[in-house]
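With these hints in hand, go ahead and build the complete structure from the sequences.
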Amino acid sequence: MTLPASLDEAVAALGAMPAAVPVAGGTDLMSAVNKGLLRPSGLVGLGRISELRGWHYQDGHALLGAGLTHARMGRPDFAALIPALAASARAAGPPQIRNAGTLGGNIASAAPTGDALPVLAALEAELVIAGPGGARREIPVSHLLAGREMLEPAELIGFVRVPLLHAPQVFLKATGRTGPGRATASVAIVLDPARRGVRCAVGAIAPMPLRPLEAERWIASLIDWDGARGLAPDALAAFGEYVAAACIPDQEPPADGGEAPPLPPAVLHLRRTVAALARRALGRALS
Amino acid sequence: MSNDAAGATHTAISIPSPAGPGGPETEQPRLGIGASLPPADARAKTEGTFPYAADLWAEGLLWAAVLRSPHAHARIVSIDTSAAAEMPGVRAVVTHEDVPGERMYGRRVVDRPVFASDLVRHHGEPIAAVAADHPDTARLAAAAIAVEYEVLEAVTDPEKAFAAEPLHPDGNLIRHIPLRYGDPEAAGEVVVEGLYRIGRQDPAPIGAEAGLAVPRPDGGVELYTASTDPHTDRDLAAACFGLEPERVKVVVTGVPGATGDREDPGFQLPLGLLALRTGCPVKLAATREESFLGHAHRHPTLLRYRHHADAEGRLVKVEAQILLDAGAYADSSSESLAAAVAFACGPYVVPHAFIEGWAVRTNNPPSGHVRGEGAMQVCAAYEGQMDKLAAKLAIDPAELRMRNVLATGDILPTGQTVTCPAPVAELLTAVRDFPLPSLPKDAPEDDWLLPGGPEGAGEPGAVRRGVGYALGMVHMLGAEGADEVSTATVRVHDSVATVICAAVETGQGFSTLARQVVQETLGVEEVHVASVDTDQPPAGPATHGRHTWVSAGAVERAAKMVRTQLLQPLAHKFGMSTELLQIADGKITSYDGVLSTTVSEELDGKELWATAQCRPHPTEPLDESGQGDAFVGMAFCAVRAVVDVDIELGSVRVVEMAVAQDVGRVLNPSQLATRIEAGVTQGIGAALTENLRTARGLVRHPDLTGYALPTSLDAPEIRIVKLVEERDVVAPFGAKPASAVPVVTSPAAVAAAVRAATGRPVNRLPIRPQAAVAAPKG
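Protein sequences, first through last, are from chains A and B. In short: position in the first sequence from 1, add 860, done, that's our numbering. In short: position in the second sequence from 1, add 29, done, that's our numbering.
Careful: at least some of the hints might be erroneous.
Said to hold, decoys possible - Quick list of simulated restraints, FRET-style, between CB atoms: (1) A:891 - B:213: 22 to 32 angstroms; (2) B:195 - A:999: 57 to 67 angstroms; (3) B:473 - A:999: 33 to 43 angstroms; (4) A:1006 - B:199: 48 to 58 angstroms; (5) A:1127 - B:216: 37 to 47 angstroms; (6) B:554 - A:899: 51 to 61 angstroms; (7) A:1007 - B:735: 20 to 30 angstroms.
To be verified - EDC-like cross-link-like pairs, simulated, lysine to aspartate or glutamate; straight-line CA separation at most 20 angstroms: (8) B:616 - B:523; (9) A:895 - B:633; (10) A:895 - B:182; (11) B:602 - B:633; (12) A:895 - B:162; (13) A:895 - B:84.
What the hints assert, rightly or not - Computed footprint of chain A on chain B, listed as stretches where at least three residues anywhere in the stretch have a Cβ under 8 angstroms from a Cβ of chain A: (14) 669–682; (15) 735–746.
Hints are computed from structural coordinates only; laboratory data are not their basis. Built from N, CA and C at the ideal position, the CB exists for glycine as well.
In structure tokens form, the structure reads like this:
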């Protein structure tokens, strides 16, 4: 167990102990250790790296430290910057988890139900990866989640670069109970008035967040960006259906022709849930 | 769920005064019966210093791990323990071959192997156990045991169990009760039918199973565990170890939550075997996953109902088929089935009833005793039927129920006359007339917690409110001829009293109640309750409220005997009877006030001991047509649930539960309120989220993320609207045990409220979101 004080020291420590595992909040990792699923030969604790626990600004973007806790991101000053990320942080688990769990950990464990992930996907966030010898490279968060690019040995997620859009953002999550619980489906909606775009990502229903790109383009074309921005309820509902059908498509008809089999009732309910979440989220973003 | 230690904490409690509404506000006594005496261990439990079994330690202890079946149904071809035994640090490996005594056990029916030998019948069945000098070594060694399986097809649909190959030499049908009562040809003007499914609730104790086994110099063994039925567990352990019962001692440690049978013998027996084999203390602390796989669950149940009524909504006939999924072993299924069949019509007067009940064996996780067994499943179904009848006849649901309620003197479909107080109409009136909680539009200044929670997706425009009613009943004490005896000893010395009774404090409040009983009878303030072990005389299992009844009754009798011993010399000296003397606050005074002395003066350094038993009147088994006086007593409850449903997402939040309960007599107001709150919350879990899911007999998500217990945000306002204190003359103090009946009634009330909010049938518990989705009206 080592406790480096800077990002480069942490990378160096990982380089020196290739079998060691980095640990930040430990909310996922330690439960795997306790279950006996993981027996790391060493741990590199990231909790003392103060540069990762805050954020700074860089040409219209916020550079968020990977060690930001959910509790910190849920606070009002952060919510004024990136409202959807703050909302997802507030919705992520009970207070004990929010106090310990981090943004970087949410990305690294890449659980389908990770609440920050659809927000980062909708924001088209970039990850700043720290490597040996002070090296830095950037990859889109979606590439890491989709496995298109991987972390190399002795690399760490240092920062998350998020655009500051100065426009409404909404994150909504459906769960099985009133108290904290894992999402059955979640939707993030981000407005980008400068580029006249609506960006939407759906979480928890697939291994990684899904982006309904056609639905985004279609709805963005209906919005009066210079005027009141509001949309008729019909349009919101149609957007919801569009998003849901894109993320949970109908089954393929059999190869020898005939009707496609209907979706099972539980999947149909999930599709209805996604449609309702997307409709509500866009409605709130535009209101 | 099990929140016995903590209770539901954030709910507002309103307790009617013991004198009842309208009566004068009497001040609660400080001590004795009727006082809100806090539990003696409350502080230690709150501060986290209370020792549970998982905290036990002994010099040189070894750690145990149990190898469990990964299959629901398989033939064991071979078990090779050599690799595990050779691992450094491993001290013993035991399988079915190493069981010195009986290889089968069962708390109620002996049909279960200590370790599977030729067949595994459910996911998680124990196959072998290891003792090693480190818990990780033990776990790795257990994983290194090579078991060759021939996987068999699992019977997981209880309806198919009848025709399937026998899963067990005893056959697949554990019990069948064909209850026949009245005229089969009777028919009503209105008929409603329904099919209901109840899921698998887990007792989910907050503390998972743990224990320590310590070998004794005489070749015996001591088991330190949170057993709730220590003498039964001792006897079955002794039989399996091939020892006389006297050489096995079960010492009960702090119980971290118990709403059913606790401490699966599947943990205790391997522990004891390993301690006997190695000669060292052996400890085991189950993981959450093992806990879910090991202990018994509530019976998943399939119910088909047909209710006949006349045009005014009076019940004419009830026909029902009830199928309980017992899992692989019988356990308490026979008792659960008896309760389900006997209470299949609920607390309603039904002139003709034809109920078929079956409990069948499957390869699903084992079912057993969980609070409110049998009665809870049928309550959800018969109350669904009552709602259907009300809708069909266009009668208000509360009014329809009122037209049918049971009262003292009515006859149950088992032919048993209800002789105890049955104030069902009064209970229903109380919850019906209690003011409804305000709607958000009427109280805009209050925070409105939407379904889905404070950071959820709830939208006020999609939320519909529903109100639903349910009436429930449950039997108290063991049924059908069970010998419900308990023995207690009371000792007084230096104005300090001690209670020795093997009744386990599971969170039900027995130890507090025992202190109150002694305070009341002997007038001493300081009363200690000794910890429980099997060197004490048996007090029976901590189920069906029996310790509130028989063990508290035994404590009272013993205390009265001590009182007589204390007062007799004094009374003799003054030529009066002991009844004319009274004890209060440590002082003895005569009726006329002439005599006044203190208890310690009168004791004069003597020690007084007395032991007494309490045994309620006998019951009889249900006969071949389901008839018989099977129950000692019954308790009743009415619940009105108010729910908010987001009809697009199908998310449900229970806003308020109004409870009126038949309690006989309030012995400890704050403890009683806690028991009712805990029961209602457990019922809400069964109604909305708690279902241990399986796929082909394999348990999915055996953890507290996948198995969602109610949190403090899910627990609603619980309003105890009325506690009816009509004393039950056959019960000690006239009090009725109170924990089970809210668990029985609450799920049905939540289902009724969701039905009212959505217009959907809601015939399955827990209520899945897709069953609570509705089209917006208008």
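Hint by hint, here is what the structure shows:
Checking the proposed 22 to 32 angstroms range against residue 891 (chain A) and residue 213 (chain B) shows it is violated: the Cβ atoms sit about 57 angstroms from each other. In this structure the supplied range 57 to 67 angstroms holds for residue 195 (chain B) paired with residue 999 (chain A), their Cβ-Cβ distance being about 60 angstroms. Against the hinted window of 33 to 43 angstroms, the Cβ-Cβ separation of residue 473 (chain B) and residue 999 (chain A) comes to about 48 angstroms, which falls outside the hint. Checked against the hint of 48 to 58 angstroms, the pair residue 1006 (chain A) and residue 199 (chain B) passes, with Cβ atoms roughly 54 angstroms apart.
Look at residue 1127 (chain A) against residue 216 (chain B): about 43 angstroms separates their beta carbons, and that is inside 37 to 47 angstroms. Taking the beta carbon of each, residue 554 (chain B) and residue 899 (chain A) are about 55 angstroms apart, inside 51 to 61 angstroms as hinted. Distance hint check: the CB atoms of residue 1007 (chain A) and residue 735 (chain B) are about 25 angstroms apart, consistent with the given range 20 to 30 angstroms. The hinted pair formed by residue 616 (chain B) and residue 523 (chain B) meets the criterion: a straight-line CA distance of about 13 angstroms does not exceed 20 angstroms.
Annotation: proposed proximity of residue 895 (chain A) to residue 633 (chain B) is violated, straight-line Cα distance about 59 angstroms (limit 20 angstroms). For the proposed pair residue 895 (chain A) and residue 182 (chain B), the alpha carbon gap of about 29 angstroms is over 20 angstroms, so the pair is violated. Between residue 602 (chain B) and residue 633 (chain B) the CA atoms are separated by roughly 16 angstroms; this keeps the pair inside 20 angstroms, and the hint holds. Straight-line distance between C-alpha atoms of residue 895 (chain A) and residue 162 (chain B) comes to about 19 angstroms, which keeps the hinted pair within the 20 angstroms bound.
Simply put, residue 895 (chain A) and residue 84 (chain B) have alpha-carbon atoms about 19 angstroms apart, close enough for the 20 angstroms limit, and the pair holds. A count of 5 residues in the segment 669–682 of chain B with a Cβ less than 8 angstroms from any Cβ of chain A is obtained; the coverage claim is therefore met, three being the minimum. For the segment 735–746 of chain B, the stated coverage by chain A is satisfied: 6 residues place a CB nearer than 8 angstroms to a CB of that chain, which reaches the threshold of 3.
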